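Undergrad: Given the structure of chain Y, go ahead and fit chain U with the ligands onto it with the hints provided.
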Amino acid sequence: MKLEAKNVNFFYGDFHALKDINMKIESNTVTAFIGPSGCGKSTFLRLFNRMNDLIADTHLDGECMLGDTNIYDKSISVDELRKTVGMVFQKPNPFPKSIFENVAYGLRINGERSKSVIEDTVETSLRQAALWEEVKDKLKKSAYALSGGQQQRLCIARALAVNPSVILMDEPASALDPISTSKIEELIFELKNHYTVVIVTHNMQQAARVSDKTGFFMLGELIEYDDTKKIFLNPEKEQTQNYITGRFG
Amino acid sequence: MKHTESELVDIKNSISEMWNLVQSQFEKAKTALLNSDEDLARVVISTEKRVNAFELKIDSDCENYIALFSPVAIDLRLVLSMIKINKTLERIGDFADGIARFVLESDEHGSHLELLKEIDVETMLVAVETMLEKTLQAITTENTAQAGMVFSIDNSIDTLYAEAIKKLAGHVVTNPNDALYVLHLMTVLRKIERAGDHCNNIMEEIVFYLDAKVLKHQKK
Ligand SMILES: Nc1ncnc2c1ncn2[C@@H]1O[C@H](COP(=O)(O)OP(=O)(O)O)[C@@H](O)[C@H]1O
Ligand SMILES: [Mg+2]
Chain Y
161 MKLEAKNVNF FYGDFHALKD INMKIESNTV TAFIGPSGCG KSTFLRLFNR
211 MNDLIADTHL DGECMLGDTN IYDKSISVDE LRKTVGMVFQ KPNPFPKSIF
261 ENVAYGLRIN GERSKSVIED TVETSLRQAA LWEEVKDKLK KSAYALSGGQ
311 QQRLCIARAL AVNPSVILMD EPASALDPIS TSKIEELIFE LKNHYTVVIV
361 THNMQQAARV SDKTGFFMLG ELIEYDDTKK IFLNPEKEQT QNYITGRFG
Chain U
1434 MKHTESELVD IKNSISEMWN LVQSQFEKAK TALLNSDEDL ARVVISTEKR
1484 VNAFELKIDS DCENYIALFS PVAIDLRLVL SMIKINKTLE RIGDFADGIA
1534 RFVLESDEHG SHLELLKEID VETMLVAVET MLEKTLQAIT TENTAQAGMV
1584 FSIDNSIDTL YAEAIKKLAG HVVTNPNDAL YVLHLMTVLR KIERAGDHCN
1634 NIMEEIVFYL DAKVLKHQKK
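In order, the protein sequence lines correspond to chains Y and U. Residues in the first sequence are numbered consecutively from 161, following this note's numbering. Residues in the second sequence are numbered consecutively from 1434, following this note's numbering.
In isolation and in its complexed conformation, chain Y is listed as follows (with noise of 0.2 Å):
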């Protein structure tokens, strides 16, 4: 089992925002949330890198899990976490640096010194990114100079660099055209290859076209959560059937 939640409730002051979510992801899989808007979903997807400690007067009950480790443990170190766990955002948001140092970030940060090395992994990374072909002749260009879907692409090179096992990636394309859209959403399928990754999208069909299994959330609750094309094709439950059909409310 790559990540799971053990009997976790999370509180932003008062407001109970998840209650009592129990999941298991395995390795080399996608796994989408699902769910109307205010749910939960990006809550849940940043217990995983610890994305929630930023956030002033929140409480957690329960374990997540990387592997064998709960994540929350003392003795756990938030920058490597976020190496091992790296996530992407709804909107791009390269820094204002050139394409390379933008990818080569994360390394430098972590003192990589190579040059070589550098130069490799970042080529290496913007090949997974299906990013290489598109930029490999203006590296040293800023990063503003690409379109959105082309920079959402750079953001998942960045974090592709520091090798991480686990990409959570909250509405990655809600930002894009269909066709930018459809790359990002080809990359994704791609990418379980070599990654466990965990996908918030309001968008049920990318749900239903990248992912394995499916998360459908409900005002803080996981209503259900089984295989995708269970989801789509036989939902347990009349709540995610309502939902996923468009007769929610």
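If you're looking for bench data, these hints aren't it; they were derived computationally from the structure. Fair warning: this is a prediction, and the values are worked out from it, not measured in the lab. C-beta: ideal position from N, C-alpha, C; glycine also. Take the hints with a grain of salt, since some may be wrong.
Listed next, the in silico DSSO-like pairs over lysine-lysine satisfying Cα-Cα at most 30 Å (straight line) [what the hints assert, rightly or not]:
no.	chain 1	residue 1	chain 2	residue 2
1	Y	Lys298	U	Lys1435
2	U	Lys1646	U	Lys1600
3	Y	Lys397	U	Lys1490
Quick list of simulated restraints, FRET-style, between CB atoms [what the hints assert, rightly or not]:
no.	chain 1	residue 1	chain 2	residue 2	range
4	Y	Gln401	U	Glu1471	28 to 38 Å
5	U	Asn1453	Y	Glu350	46 to 56 Å
6	U	Asp1443	Y	Ile339	42 to 52 Å
7	Y	Phe408	U	Asn1588	30 to 40 Å
8	Y	Gln401	U	Ala1486	26 to 36 Å
9	U	Asn1468	Y	Ile339	53 to 63 Å
10	Y	Gln401	U	Lys1520	52 to 62 Å
11	Y	Phe408	U	Asn1453	42 to 52 Å
A few chain U residues facing chain Y, derived, Cβ under 7 Å [said to hold, decoys possible]:
no.	residue
12	Lys1435
13	His1436
14	Ser1439
15	Glu1496
16	Ala1500
17	Leu1501
18	Ser1503
TA: Same frame as chain Y, but now just chain U with the ligands:
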């Protein structure tokens, strides 16, 4: 190729395999009937389970494809036609099984290979095989140019069927002892004739998928 496209290719490949299986079943049933070959008939009957299992697999692949990929336009027409073709191929498989069973049962009535020659059942069977071949070609080459030929083969099977019935009626008058055999043989002829109709339907589905024309219930 995108993974959504390769899923479709997988479905198409499965359908081709199903086609080959049904073709082989039909070919064996033909040979068994024309030679009263009971061993071969048994092979057909025991393979029938595989045809059924294959149909279920393709059916569920198509369901999953629709559920996961919400296909539109040509992709949607393709899956819809695959579902129908799959079902139709399975029925043709049933007919092969039925013919094989007849070979085992007709043993009780003695061999009537002469009569089978007289009513030219071989030509009908070969015509169905040709239709299976032409329709498979149409879908693999994505070319409907041979549709007219497939439809005309079906017409010729209908004509052969009508003539065979007349000959059988004459045969019963002169050989009343064969009445039971002839009645059973009638059901076999009927299966062959229906198999031709099914191939016709398959061709119509292919035209719908490739050219988006609905031929059904039109005068041809
Ligand atoms: N920083 C925060 N402070 C207080 N409440 C928050 C904060 N972030 C999210 N929430 C609340 O937690 C709930 C879940 O939010 P979120 O995880 O962003 O949902 P989703 O990603 O499914 O749209 C919402 O009701 C939201 O208002
Ligand atoms: Mg969110």
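Undergrad: Now tell me if each hint is right for this structure.
TA: A quick look at each hint next to the structure:
| no. | hint | result |
| --- | --- | --- |
| 1 | Y:Lys298 - U:Lys1435 | holds, 27 Å |
| 2 | U:Lys1646 - U:Lys1600 | violated, 39 Å |
| 3 | Y:Lys397 - U:Lys1490 | holds, 25 Å |
| 4 | Y:Gln401 - U:Glu1471: 28 to 38 Å | violated, 52 Å |
| 5 | U:Asn1453 - Y:Glu350: 46 to 56 Å | violated, 32 Å |
| 6 | U:Asp1443 - Y:Ile339: 42 to 52 Å | violated, 24 Å |
| 7 | Y:Phe408 - U:Asn1588: 30 to 40 Å | violated, 53 Å |
| 8 | Y:Gln401 - U:Ala1486: 26 to 36 Å | holds, 29 Å |
| 9 | U:Asn1468 - Y:Ile339: 53 to 63 Å | holds, 60 Å |
| 10 | Y:Gln401 - U:Lys1520: 52 to 62 Å | violated, 27 Å |
| 11 | Y:Phe408 - U:Asn1453: 42 to 52 Å | holds, 45 Å |
| 12 | Lys1435 | holds, 5 Å |
| 13 | His1436 | holds, 5 Å |
| 14 | Ser1439 | violated, 10 Å |
| 15 | Glu1496 | holds, 6 Å |
| 16 | Ala1500 | holds, 4 Å |
| 17 | Leu1501 | holds, 4 Å |
| 18 | Ser1503 | holds, 5 Å |
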